[in-house]
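Using the hints provided, position chain H relative to the given structure of chain V.
2 protein chains.
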Amino acid sequence: MAFQYSQELLNQVSLLIQQNDEQGVVDLLKDLHYADIAEILDELNTYEATYIFNSLDTEITSEILLEIDEDVREKILQSLSAKEIADELTELDSDDAADIIAELSEQRKQEVISELDDDEHAKDIVELLRYDEDSAGGLMAKELVKVNINWNVLTCVKEMRAQAEEVTRVHSIYVVDDNDKLKGRLSLKDLLTTSTKTPIKDVYIPKVDFVRVDDSAEEVARVMQKYDLEAIPVVDELDRLVGRITIDDIVDVIKEEAEKDYQLAAGLTEDVEADDTIFELTRARLPWLFLGLLGGVGTARIMGLFEGAIAEHAILFMFTPLIAAMAGNVGVQSSAIIVQGLANDNLKGSIGKRLMKEISLAMLNGLILAIILFSMTWFWQNDFTTAIAISTSLFFVIIMAGLIGTFVPLFLNKQGIDPAIATGPFITTCNDIFGILIYFWIAKLMLGF
Amino acid sequence: MAFQYSQELLNQVSLLIQQNDEQGVVDLLKDLHYADIAEILDELNTYEATYIFNSLDTEITSEILLEIDEDVREKILQSLSAKEIADELTELDSDDAADIIAELSEQRKQEVISELDDDEHAKDIVELLRYDEDSAGGLMAKELVKVNINWNVLTCVKEMRAQAEEVTRVHSIYVVDDNDKLKGRLSLKDLLTTSTKTPIKDVYIPKVDFVRVDDSAEEVARVMQKYDLEAIPVVDELDRLVGRITIDDIVDVIKEEAEKDYQLAAGLTEDVEADDTIFELTRARLPWLFLGLLGGVGTARIMGLFEGAIAEHAILFMFTPLIAAMAGNVGVQSSAIIVQGLANDNLKGSIGKRLMKEISLAMLNGLILAIILFSMTWFWQNDFTTAIAISTSLFFVIIMAGLIGTFVPLFLNKQGIDPAIATGPFITTCNDIFGILIYFWIAKLMLGF
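Respectively, the protein sequence lines represent chains V and H.
In terms of my numbering, the first sequence opens at residue 4 and continues consecutively.
In terms of my numbering, the second sequence opens at residue 4 and continues consecutively.
In case anyone wonders, no lab produced these hints; they're calculated from the structure.
These numbers were taken from a predicted model, which means no experiment stands behind them.
Even for Gly, the Cβ is constructed at its ideal location relative to N, Cα and C.
Any given hint might turn out to be false.
[Claimed, not checked] Below, a list of computed lysine to any residue pairs in the SDA-like style, where the Cα atoms sit at most 25 Å apart: (1) V/356 to H/191; (2) V/360 to H/45; (3) H/204 to V/35; (4) H/356 to H/406; (5) H/78 to H/10; (6) H/229 to H/262; (7) V/149 to H/191; (8) H/112 to H/10; (9) V/126 to V/69; (10) V/263 to H/231; (11) V/112 to V/84; (12) V/78 to H/229.
[What the hints assert, rightly or not] Sample of chain V residues lacking proximity to chain H, with all beta carbon distances greater than 12 Å (derived): (13) 103; (14) 182; (15) 304.
For reference, chain V alone in the conformation it holds in the complex (with noise of 0.2 Å):
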């Protein structure tokens, strides 16, 4: 049931706006959710964007704003004026009025900001900018419903009224005291079979699950989930009340997380799509493929150091690449497992126990592929002594791939550093150099050459 675009309608919007048909054009969009014209919008060029978006109320045009592609709304931003930019602003909840003028030049940032002509919102705004995207304060938004403790239920249903206006979506009503300060919240129903000359403080909730303005975003996230959220104030470092923030913008923040991990355990350093440019999609895969490109060359130099036996043991040297596969294999197994727990705050237990129960993991499964590595190799080489030496190799080197796999990660955790940056190309091209020379080492030990 979801919308989709049809070419057909595509063309014609195209043909209404080449007649410069401005009412055709409103016509045949009027009845369409703002993020389905949105899509619309991605799909177009840039003079016919522009023309959509100048003939649509700002009331809808500002929503579509939020929703389309990041270049498009660049360009669509650059040929509006200052005073336009304001216009849709104005019509835009707080928090997503910030993100848009955050993207715009320092000047153009202050030319917009002078043209809003709510104060308030504009104070805002101003405030919202301050923060660290990544942030409480980033997430948030300043429309709320907030009462004073001091007052009774009248002035209360009657002050709501008001605020109630500029929110869209009522959660929660916050108690606050006369500084401010976050005191609780208050149940609509509690508030609607009370009397109305019940003073707030004995009808209010003082329980109320609260975040920090410098708290992350991914906290937050963790919180509003753990708790069934949809929606938690923010305080300040005085416990004032500051912001609230709703779960449409925790879920972005859960799959920005999420698709930022999988980049990174693809060997993506920046947040790519398939359709940006060759020279965006270079940037973000070039320096992990440069990565492995070294790692390739030091297992090489490492094969070097070995290259005597290879008139004796070619077959050796013909397994290096599946030794290299199975520690890459079994490093980045590890290692997702270790990043999705920390990510997950479910990793109970010390580093020791994790690695103990790691090396049990890879001595089992070690041993299953070690005893089919056998069968196959001494079935095809018919050289018991070698299949036993690769095989046994190939045992200890899945155990070393699990333990880097496993401790990596949660070195980096322990350091500050994002563990998830140690699932991709990072511990492949690690294990494949320990991989490798523990093969060989071993190897020679047993095969004594």
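For chain H alone, coordinates are given in the frame of chain V:
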């Protein structure tokens, strides 16, 4: 500000249970959120967890039941009678109750359902059990607030009060006709500001987003995210309103989807966590490692075909792990971008265009890396021809790896198979084999052995 239990608290709880001080346990835990108590239960042994469970009210234990680890839940449920489980379920929304019942054995299911006092609740749960857990039907709850289009505002407000009792959070009021067909929704604001005699059909909003009962969970997640919805109604084949899905369930779907893709990319077949048993972890890891082993043996066989060149061109064999690593890394990068594009539904254009773009990208990356490798090899070996042969091979291997990494997930997706399985060991193994083959073949052409 997220709660973290201390070891001290755990010890205190254990001690109180040893002393059989039920009231002490209740007092110690009474101010904690159920999600926090669930975390504590996950840390205790089964006897202690069951003891706490039996000491607390069903109002809170039912919520704890939803939050604890699946294996702890299984053990606790085993220690409860069918009647006791039914009492827990009575406290829960139909969707949560159905999720828990679904984990029981067939016989136990029947026993528990027959013990449910509330016939309406039992009927709802039985209905929900029919749906696939990955569909809208499997996600939805039966609890919602609906009003008849033929009522007036007064009847409506009265009926709503009664219904709202059962619904934890009212997101929307849905309007249906006499046949229960979804007609639209009602804004609480309009309801409160309109005269009580106004018929509902004059004030309701006929435009409402909805999903069908057999839509996939991913589709529901996509719609709710796109349109920023906090709840969405679910209709059956006859357009009748049968349930609603809230955003907190969708947060779980998004997380699970992302984790599944991540695990597949890392070579883990099942949904495993770091704290699962060694047997479970082996079952998830071994199949992919076995695939890698087969690939490695295949690579060794291919290298065996070129064994004749080993005396004269030993250096070629030293670079096989490098070739395999680069082919694997490029393949994973390409496939990960495609898989993510497919998941986010933002891949545009044909397969042909996508492959063309990947070729350009791979040519650019390949050229840069080949030049670097050429310089390093030439410097190291001082053999121009070999250095050229190796770096030329690398160039073509990177292009091939990019093409396979792009084509395979697109192809799987067309066939209706989850493209995410093509990101991890599958693509690296595939690329190892083709990479080594191309590498030796080009080297053979250039060096003439």
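Which of the numbered hints are not met once you compare them with the structure shown?
Hints 1, 8 and 15 contradicted; others consistent.
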